Amino acid sequence: MNQFFLKKNIYAVVLSIILISMMIFYIDEKSDEIVAILNSCLTDSDHQEAGMVSKTLEQEMLSIEYYDCFIYAYDWIQNFLNKSEIRDFSYIKEKSGFLYYGSFYEKEDEDLLKFSKQLRRLKEKAGGDTSFIFISPPEKDSSALVLLENAKIISKSDRIQDEFLLYMQYMQIDALDLRETFKNSEYLYEELYYKTDRHWTTIAAFESFKAIVDKLCVDYGESLDSKYLDINNYHVNQYDNIMKGTIGEEIGAKYTDLDNFILITPKFDSDYLWEYTRNNGTKGSQQGPFEDSLLMLDKLNIKTGSMETPYEVYLNRINAWDKITNRQNPDGLKILCIRDAYFSPIAAFMMPYCSELHLISPFDSEIDIERYIEENDFDYVFVEYYPGKITSKGFPFFNDGKEVGTE
Amino acid sequence: MIFPSITFLALFFPMILLIFYAFSFTKTIQKIWIVFVSCVFYTWGQPDDALIFFGILIINIFLGERITASINTNHKLKARGYFIISIILNVGALVFMRYISFIQENLNMIIQNQAIDIGEQTLPVGMLFFSLRAISFCADCYTKKVGKRSLIDSFFYLSFFPFLLAGPLISYQDLNGSKSELYFDGRRFSVGMCRFTVGLSKKVLIADNLAIVSNRIFDLSMIGDISYEIPVLLAWLGLIAFAMQIYFDLSAYSDMAIGIALCLGYKCPENVDYPYLAKSVTEFWNRFHISLMKWFDQYFLRPLDRNNGTNKDRMVLNIFIMWCVIGLWHGPNWTFVFWGIWNSVFILLEKLKMIHWDKDRSIFKSIYVCAVILVGWVLFRTTDLYQAGEYFKNLLGLNHNAIYNDLVTVFLKEFGLVLVIGLIFLFPIARVFNNWQINHPESLIVKMNTIVYPIVLIGLFLVCTIYLFFTNAQPFIYLIL
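Chains as they are written, first to last, in my numbering: chain A, 2 to 408; chain B, 4 to 484.
Because the hints were derived from the structure by calculation, they are not lab data.
Owing to the predicted nature of the structure, the values given are computational and were not obtained by experimental measurement.
Relax, there's no trap hidden among the hints.
Lysine-lysine pairs mimicking BS3-like chemistry, simulated, CA-CA at most 30 Å apart:
(1) Lys324/A - Lys394/A
(2) Lys416/B - Lys96/A
(3) Lys184/A - Lys211/A
(4) Lys84/A - Lys416/B
This is chain A alone, in the form it adopts within the complex:
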């Protein structure tokens, strides 16, 4: 009998030591929050703050010092259990280490026909002298061989993209399906998307930039200098293991390997003025050559624990409004792009051909796009959304339900 209880005694002693160590460590790490809860319990009559802080304390463990060790251990256990879903299907990790947002249930369908009609009316508003193009990049998971490929868990981005492009055809809006560009690209999927982020890589953006320019030349008769399309006219610098994307950061930066980040900068001279309004309303500007005006090089030194990523190097990833002026090419194209974050690196690469490039993110601003188009005389209006952004927020213009042809 003593032998039987010996093992339990040994375990009890070891667990007691572990628990006491955890307590010391926890108090050391979380003492401020604990004091806040106790203070709130003693002083606030409704105890709202106490409830909030204690719930946060339960749920928010990201600031614990050795969190990354736990991430490694969790990863090991997940692999041992042969699991790919993380946190009740919130995320999915592919065998190759690629992280995806999981969406178990299909979300309610967006009214894609309505959006396409709104786009058509925007095209009519822009007038006959302005060319109007919808640019459609593929979403990260659309071309991935995700484990849950045929199940509902995979996002339906391909179907949305197909359907919306069909409506574009129906509404006689020219569209550029960048899935085709990627299919024909010499680059592998792993080079076109980050493992830890939902955005595409700088390489993918550069390929897309070439496809856009190609379209302008072939379909719209523009004679644009091909030297800017040659990657040999650019510096391509790879920064190894510095990119921890937003999905990686949400799960834990160390859950997957860090990505490499490629910075593409021109070898040729340039002189730009970038004016912007941030999402919080702050205005600012930068000017000079490409690196000084369009890049935020401090984003290459982001530390773990921040939701910022090196993807923000190009034009801060997303702003409410941007206007870039090419001071070397006043006769270049004048373009407006209503866009999401995918377009930022493309915008930077497009600049040699432009005199002015205006960028509006309807997701982050309340700019009256109808009026903006009316007040400016653009050569081109681009609308660029990846499938996940084809939502009502992306179409704040002509939202009155009137039919096409009323402009």
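Guided by the hints, dock chain B onto chain A, whose structure is given.
Below, chain B alone, put in the same frame as chain A:
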């Protein structure tokens, strides 16, 4: 706060034990400390509920005191009055906070308009079990089972944090009588630590993973008001996952609660005893939620049945009523009422010997019990009778639904190992192995197990901690009913 949380494991649990044993020379201070800790344990995370909860707690203690005082001074009528008030208070509070919307909804349906609008109330966490414990406390005071005691004793019993939120339902005399006489009972402490870890592992590693499977599949069959057909195999997978989830969830909570109590020197009766091995529905319920069934038997059925079961008509009616009440206690929904009725039908048939099996047909008995219980779990898990009907159709392929789709593979691939482990631990492997060890103390396996056992448990504890760092534990089923 719940046991499977980092805050409990890394802050509360060690602190409670340290201070509790620092005062091991005085039981009164130990009890005061546990009362204090129980208040913090309850208030942590849900301070809004605390005021109502502690209000009802204090009133019950007061009523208990008055009942005992009246009994001791031979004022039986007064004592009965206080006892009736305590029942009205506890049942009334429960009905008002939990069932008012259900009553309102059904009354409005009967009179065909929305004339009655009393508004919605929310039941404070843990009130479901507390009400039963408070009623039994007052009943035991009334029947003199609970004798002279201090206020601290009453507070200690009613607020004892391991059993505060979701049981097991243990009587005052059982709890107080179970305290070890030693200042520090090393054996109980060790067994308690092991028991707690086993419960934690059952919850975090098995029950919570099974919850993902069952929640997703049941939700797929009904989103909002729309019913969706799901393949037959997926429907069965969801049902089996739920049947295992509810067992492991309850078993895990009981293990953790009993384990903590053991660490504090209190030895409490078991709450779960491998129910899926039962050979009758009656036996299943005597093994599933033992303390709850005992409570209803002792404080509901016995007072109703004054003929000691000799009047069969009365017995049938009483058991039927009891199971309707058990069903309603689980939730204000007709699905629970029908679940109660469903179980009562088979329990009555067994009691009246209308279902009878030969001794050697144990496999048929097991199939019969599993079938009855699984049908019951569909009623228990679905949100309304319509969804239950649709789910039954899905199980039987009567919805023109497919047999299989890719989701079955996805779930089996992602959770196959957990399902297999769960199935294995539905059987009393640990108990058999423990008995074998006791009978073979000199065996090499027993000697090796002295080293292997602590290593495995430490591994399990660390894995659970890692999971809790990364994901929040799913709420206990009996906490969110």
